[in-house]
Structure formats: structure tokens, C-alpha cells
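Residue numbers (the numbering used here), protein chains in the order written: chain A, 1 to 314; chain B, 315 to 644.
Calculated from the structure, these hints are not laboratory results.
All residues carry an ideal CB built from backbone N, CA and C; glycine is no exception.
Some clues are possibly wrong.
[Said to hold, decoys possible] Residues on chain A that point at chain B, a partial pick, calculated with CB under 10 Å: (1) Ile-213; (2) His-230; (3) Arg-276.
[As the list claims (entries may be wrong)] Quick partial rundown of chain B residues pointing at chain A, CB under 8 Å, derived from the structure: (4) Met-368; (5) Leu-370; (6) Gln-396; (7) Arg-401; (8) Glu-411; (9) Ala-415; (10) Leu-416; (11) Val-419; (12) Asp-432; (13) His-433; (14) Leu-436; (15) Gly-470; (16) Val-477.
Spelled out from the first residue to the last, the chains are:
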Amino acid sequence: MLRFIGRRLVTLVPTLLAVLTLVFVLVRVVPGNPALILLGDQATPEAIARFYRETGLDQPIWHQYLSFLGQIARGDLGRSMINDRPVTSAIAEVLPYTLELSIAGVVVGVLLGVPLGVVAARSNGGWVDWLVRIVTLGGLSFPAFVSAIMMLLVFGLWLGWFPIISGGKPWSDPGGRLMSLALPAINLGLVMMAYVARVTRGGMLNTLPSDFIRTARAKGVPMRRIVWKHALRNVLLAVVTFTGLYFSVLIGNSVLTEIVFNRPGLGKLVVGALDRRDYTLLQGLVVTYAVLVVVVNTLTDLLYGLVDPRVKTG
Amino acid sequence: MSVLHIDDLRTSLTLNGRQHHAVREVNFRIEEGETVAVVGESGCGKSMLAMSIMGLLPSIAVVTDGHVVLEGKPIERESERQMEAIRGARIGMIFQEPMTALNPVLTVGEQIAEPLRDHLGLSRSEARRRAIALMERVRIPSAASRYDSYPHEFSGGMRQRVVIALAIACGPRLLIADEPTTALDVTVQRQILDLLDMLQDDGRMAMMLITHNLGIVAAHADRVVVMYGGDMVESAPVRALFRNPAHPYSRALLASLPRVDRDLSELASIPGRVPPLTRLPDGCRFIDRCPHAMKICQALPPRVPVADDAEHEVRCWLHVEGSGRDASAG
Ligand SMILES: Nc1ncnc2c1ncn2[C@@H]1O[C@H](COP(=O)(O)OP(=O)(O)OP(=O)(O)O)[C@@H](O)[C@H]1O
Ligand code: SF4
Ligand SMILES: [Mg+2]
Numbered sequence: 001m002l003r004f005i006g007r008r009l010v011t012l013v014p015t016l017l018a019v020l021t022l023v024f025v026l027v028r029v030v031p032g033n034p035a036l037i038l039l040g041d042q043a044t045p046e047a048i049a050r051f052y053r054e055t056g057l058d059q060p061i062w063h064q065y066l067s068f069l070g071q072i073a074r075g076d077l078g079r080s081m082i083n084d085r086p087v088t089s090a091i092a093e094v095l096p097y098t099l100e101l102s103i104a105g106v107v108v109g110v111l112l113g114v115p116l117g118v119v120a121a122r123s124n125g126g127w128v129d130w131l132v133r134i135v136t137l138g139g140l141s142f143p144a145f146v147s148a149i150m151m152l153l154v155f156g157l158w159l160g161w162f163p164i165i166s167g168g169k170p171w172s173d174p175g176g177r178l179m180s181l182a183l184p185a186i187n188l189g190l191v192m193m194a195y196v197a198r199v200t201r202g203g204m205l206n207t208l209p210s211d212f213i214r215t216a217r218a219k220g221v222p223m224r225r226i227v228w229k230h231a232l233r234n235v236l237l238a239v240v241t242f243t244g245l246y247f248s249v250l251i252g253n254s255v256l257t258e259i260v261f262n263r264p265g266l267g268k269l270v271v272g273a274l275d276r277r278d279y280t281l282l283q284g285l286v287v288t289y290a291v292l293v294v295v296v297n298t299l300t301d302l303l304y305g306l307v308d309p310r311v312k313t314g
Numbered sequence: 315m316s317v318l319h320i321d322d323l324r325t326s327l328t329l330n331g332r333q334h335h336a337v338r339e340v341n342f343r344i345e346e347g348e349t350v351a352v353v354g355e356s357g358c359g360k361s362m363l364a365m366s367i368m369g370l371l372p373s374i375a376v377v378t379d380g381h382v383v384l385e386g387k388p389i390e391r392e393s394e395r396q397m398e399a400i401r402g403a404r405i406g407m408i409f410q411e412p413m414t415a416l417n418p419v420l421t422v423g424e425q426i427a428e429p430l431r432d433h434l435g436l437s438r439s440e441a442r443r444r445a446i447a448l449m450e451r452v453r454i455p456s457a458a459s460r461y462d463s464y465p466h467e468f469s470g471g472m473r474q475r476v477v478i479a480l481a482i483a484c485g486p487r488l489l490i491a492d493e494p495t496t497a498l499d500v501t502v503q504r505q506i507l508d509l510l511d512m513l514q515d516d517g518r519m520a521m522m523l524i525t526h527n528l529g530i531v532a533a534h535a536d537r538v539v540v541m542y543g544g545d546m547v548e549s550a551p552v553r554a555l556f557r558n559p560a561h562p563y564s565r566a567l568l569a570s571l572p573r574v575d576r577d578l579s580e581l582a583s584i585p586g587r588v589p590p591l592t593r594l595p596d597g598c599r600f601i602d603r604c605p606h607a608m609k610i611c612q613a614l615p616p617r618v619p620v621a622d623d624a625e626h627e628v629r630c631w632l633h634v635e636g637s638g639r640d641a642s643a644g
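Just chain A, with the same shape it has in the complex (with noise of 0.2 Å):
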């Protein structure tokens, strides 16, 4: 196992230095000029230069692109163009507040969408089923800052079971910091859940009529066991591997969740970079997510070798 993780570690160099040059070259191809959008298009030319000296944009794009390298390597994102604020810091400031909110929407989208999903492909066709599918279908379809909006409403505001504005409690006070977390993670957590649980009954529909599950039957294992046991480990397979991909998309999803709710996060710095055409800070922050995902599908290949054991040996 050791050996398979070290090997795992070892090809995430190669794919990380594929996506910051991704990054680095992306960054170059937007239509626009940093320079012009910047300082305004009356900027005078020397204004132009000395902004093309300071950024180091002047220089040839080999020595940029070592440079810029070097720069993450050492964990140097640059300096913000708008408050001279290093980038690092004010990513790092804000990064917990995303990671534990996707963390906690890939919590909630599992831990519901699974139990759903089984508990539908055991009534396959019957009236759980039915009230199972249009759950998910509503969760798919439904717009995510529409029901944001609707349970700051009702559970916020009406209910008053949760603070309306989240983040900001510390974890020294571990409850008040869960209670800010629940709303938003839910909301989050909901569209997974509909998609986990569709993983979930595919995949219980394709086991349960396997050979092995017939042995299992056959040996006197209880139906009880055999659902939640025998055919779910199979199954967790393909939910892993989905929740794995689905993590990047989930980490974006978190932006719009994180404007509606009012939390510090990554979103929030994104919408402010945007705004205000923050070019390297947003550079970082492209670093960041693509950084994110790299890491997570590369957790996700750990894990996957620890629940299938044809995985590892290999």
C-alpha cells in the first residue's frame, strides 16, 4: 500500500506542472491587455512600461515561465495589483472556509444520496422509487441560489434555527462554527446528493442480480446484509470514483453558495478579483483550483485502492 501511495505521489509532479503551464499559457492567451485594463486606456506609455517592468511581463516568455514556477514553488503567488496584498496570504486566509464547506457538501451529498439510492433500487419501480426520483430530480433541477434564498428564509430567518450570515464563528466554538456551516453545506450538498444517489441505484440495479450475490443468498446471508454489505461495496466503488470527479465541480458550485450565504471563501475573492481585474490574484486563485483538483483526484486514487483490492497490487 505504502508503495502504491508513493507511486501515486510521485506521478502528481508531472500533472501539476501540466496544469500550471495550462495555467501560465491561459493566462497569456485572454484577449486583453492587462496594462490597458489596468491603469485605464489613457494610460501614458511610459505609465505602460514601467507596469511591463514591474509585473516582469517585459521579459522573454521562457524566463517568465521559469520564473513563475520558481515563484509557487517557494509558494510565492505574487502580490495583488490592486492592494500590493501578497496573494498567498490572502488565499491561505480564506481557503478553510471553502475546504470545509465542499468537505462538508460532499458529506452530506454521500451520506444522503447513498442510503437513497439503495433504498430505491430495493423498490425499483415501486412507490419509493418514484418519490426517490423525484427527489433527485428536483434537486437536479431545481437552481441552487433559488433554494439558498429559500432556506436563509425559512430556516433563517422564519425558524431562526440558523445564523442568516455564516463564517466568522471561530472553531473554538465548535458548535456555533457547524451551526453557520449547516445551511450553506446543505445547500451545496443537495445537487451531489441527487447525483450520488443515481450513482448509487445504477450501480445496486447492476449488482444485485450478480453471481456473487446469488452465492451469498445461496450460503443463507440475510437480504439485510447482502444489500448494505455484499452488493454496496461494489458499489461504493463507482461512488467514490464520482465523487472524486464531481469534487471540482463542487468547489466551484461553492462560489455561488458562499455570495448567497455571505461566506468568506475563495468565491467571494474570485467575484472581488473579477471585479476589479485583479490579474494576479486571480492567477492565483486559477493555481489554487486547478492545484485543488489535481490533490483531490489524486486522494481520490488512494482511496480508490484502499476500498477495491484488485486496485493495489498491481
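We have chain A already, so just place chain B with the ligands on it with the hints.
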């Protein structure tokens, strides 16, 4: 007292809203230590019969009549609880396809230990000890160290040994083997069959052996049940059947075998195939392929028993009223 008594069992399948009998009027017994082979072409209802006994029929199938009597007591198949208590404890079953018969994400040891814990209430460590002993008993080399292996680390023959180990774990009185060696190559086939013989002798276990292979019947069975289109058409001791097959279908089976070990999935001496369930004739189900078909065969299914001794039963109009099976030969 017979270990198993199949008493007029009928199983029907609902296809397009209509019921069709996949198993009809099957009557036989298996005694302690005895092996009864069930033979017949593909689609004759052999697996349906086995699954009716196990209570593991697909949802479209249901036993409509008759009884499965286990050690003198009819099984209450309506009670899923009772069926769970019987399966794996008093009846074990092994299947045709060893490559897919084991759960790929559970260790083989865990899969063998599970019925020991369920049925015998053993502790985890006790079940582990017993499971390793079982693995040794089915001749899995270095059993203790392979307890924690996964099925994909085993060959087909070894997987079938694992399936056998978990089927006999709780010392069942009856073992149902549905084509246990069809998917294996010839040398492994022989090893597995010899293993089954040995295990059976140890425990005086009764065995119902479903097979396509008359060579296996000759070498390993005491009696044979021949099925056609869901009907039991003949039942006899192995030697009697091979020497003196009474039913035209049994004769065809034997005639199609210049060599006894050939497979009978294709019946050479009689053209045609087993008709699908939806097109089974009302009378004798073999009528379309029978060289001796008479008027009465069309009207009514022949009844049993019609034979001169109780050991040798045949369901065919040719043998009614002592017309004698020799008269019809030819
Ligand atoms: N799930 C099912 N749906 C529809 N028909 C079925 C189903 N299972 C079995 N049958 C039909 O029931 C009949 C008996 O099938 P069964 O599987 O018992 O045959 P078998 O004698 O075991 O054949 P084989 O030697 O190929 O295993 C066949 O006509 C088959 O087509
Ligand atoms: S009953 Fe008639 S059709 Fe059927 S096997 Fe006998 S002779 Fe042939
Ligand atoms: Mg079969």
C-alpha cells in the same frame, strides 16, 4: 428417511402476463450419501428445479404446487426467515461459474467464515480457525496465509474450491451442484469432482448434481433424473438407465453419445431443440421431436409411474399398460 424428497413440484414463470410451467411434476428422492444426477439439454428446467428447492427463484417465477421435503419435513418456502436458516446450513449450493461466484471486494476467508458465524454462531476468531480448516479440507495450498486474499488472486479451479468450502462450511445434509465443472478445463474438472466425492463420503451428504456430461453421470452418480421441457421424463439407477433407457428422449441422449464423455448441449440424433417455455405443447412436451409420437401423446401428458419396478420410472405413453419398453425400440 430421504434427505430430500421432491414431491410433485411445479414451478411456473410469468411471461407477458401468462403463466408457463418451467418445472412440472417432478418426483424423486435423494438418500443419505447418494448422488442423483439431473440431466437434460439446455433449457430443460434443471436450474429452475434447483432454485425452487433453494427458494431463490427470480421474481417472475413461483412454486405453485408440491413440496420440497427436507429430512422428512416440508420446507415452508413462504417464510424467508426459515429459508435463510436452511440455505447454507442444511442445503449448500455451488454454481457453474467460479470466476464470478465470489464477491470481488471481500476476502475469501471472510466469505467462508460468514455462514459459520451466521448459522453456527461462532466468534470471529473461531470462525477464522474453522474457515482455514475448511480451506485445507478442499485442498487449497497454504490455506492460513491465503485467508486474507481476495478472489482475483485465485485461479478458476481454486475459486471453485472456495465456493465448495463455503457451501459445505456448516455441514449441510444436501449439496446442490449446478454444473459445477462446466466452466473448468478437463484436469481441474476431474479434481473438483473427486473432491466432491471425497467430501460427500466424509459427511454422508446427499448430492444433487446437475450436469450436461453423461461421462460425469456414469462416474459420479448413483441415480439419474432425466428432464425434458420441465418434466421429469425418466428416473432410474445409473446402470439401468445406461443399459436400458426407456424414454425416447433418454434413448436419444445416449444415442447421441458415441463417446460417453461428450457434452449433450447439442443432441445429434434428434433434430430440433427444447421448445421455449411459451411454446411448450400441452400433451407430451417431447412430441415434436419424438419418432414414436402417437395421437394420445398430443392430447394428454403421460402420467407416472409407468414402469415395472419402482426404481425405474418413466413418463411416456409407450410404456402405459405394460406395452413394454422393448416393443417400441427401433
Ligand atoms: N429469468 C428468466 N426469465 C425468463 N425465462 C427464464 C428465466 N430463467 C429461466 N427461464 C426459462 O426457463 C426454462 C428453464 O430454464 P433453466 O435455466 O432451468 O434451464 P437449464 O436446464 O438449467 O438449462 P442450462 O443447461 O442451459 O443451464 C428455459 O426455457 C428458460 O428459458
Ligand atoms: S409420450 Fe408419446 S411423444 Fe412423448 S415421448 Fe412417449 S411416445 Fe414420444
Ligand atoms: Mg442451468
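Here is what the structure says about each hint:
Proximity of Ile-213 of chain A to chain B holds as hinted, the smallest CB-CB distance being about 8 Å (cut-off 10 Å). The closest approach between the C-beta of His-230 of chain A and any C-beta of chain B is roughly 6 Å, which is under the 10 Å cut-off, so the hint is satisfied. Hint on Arg-276 of chain A is violated. Least Cβ distance to chain B is approximately 51 Å, over the 10 Å limit. The criterion of a C-beta within 8 Å of any C-beta in chain A is met by Met-368 of chain B, whose closest approach is roughly 6 Å, and the hint holds.
For Leu-370 of chain B, the shortest C-beta to C-beta distance to chain A is roughly 6 Å, which falls under 8 Å, so the interface hint holds. Checking Gln-396 of chain B against chain A by beta carbon gives a least distance of about 10 Å; that is not within 8 Å, so the hint is violated. Interface hint at Arg-401 of chain B: satisfied, since its Cβ lies 4 Å from the closest Cβ of chain A, which is below the 8 Å cut-off. Contact between Glu-411 of chain B and chain A, as hinted, is supported at the beta carbon level, the nearest pair being about 6 Å apart and thus within 8 Å.
Given hint, Ala-415 of chain B at the interface with chain A, holds; its Cβ is 5 Å from that chain's nearest Cβ, closer than 8 Å. For the restraint placing Leu-416 of chain B at the interface with chain A, the shortest Cβ-Cβ distance is roughly 6 Å, inside the 8 Å limit, so the hint holds. Nearest Cβ of chain A to the Cβ of Val-419 of chain B: about 5 Å, under the 8 Å cut. The hint holds. The beta carbon of Asp-432 of chain B is positioned within 8 Å of a beta carbon in chain A (closest approach about 6 Å), and the interface hint is therefore held.
This hint holds: His-433 of chain B has a C-beta 6 Å from the nearest C-beta of chain A, less than the 8 Å allowed. Checking Leu-436 of chain B against chain A: minimum C-beta separation of about 14 Å lies over 8 Å; hint violated. A cut of 8 Å between beta carbons decides the hint on Gly-470 of chain B: the least distance to chain A is about 13 Å, and the hint is violated. Taken as an interface hint, Val-477 of chain B checks out: its beta carbon lies about 7 Å from the nearest beta carbon of chain A, inside 8 Å.
In terms of the numbered hints stated before, the structure departs from hints 3, 6, 14, 15, listed from lowest to highest.
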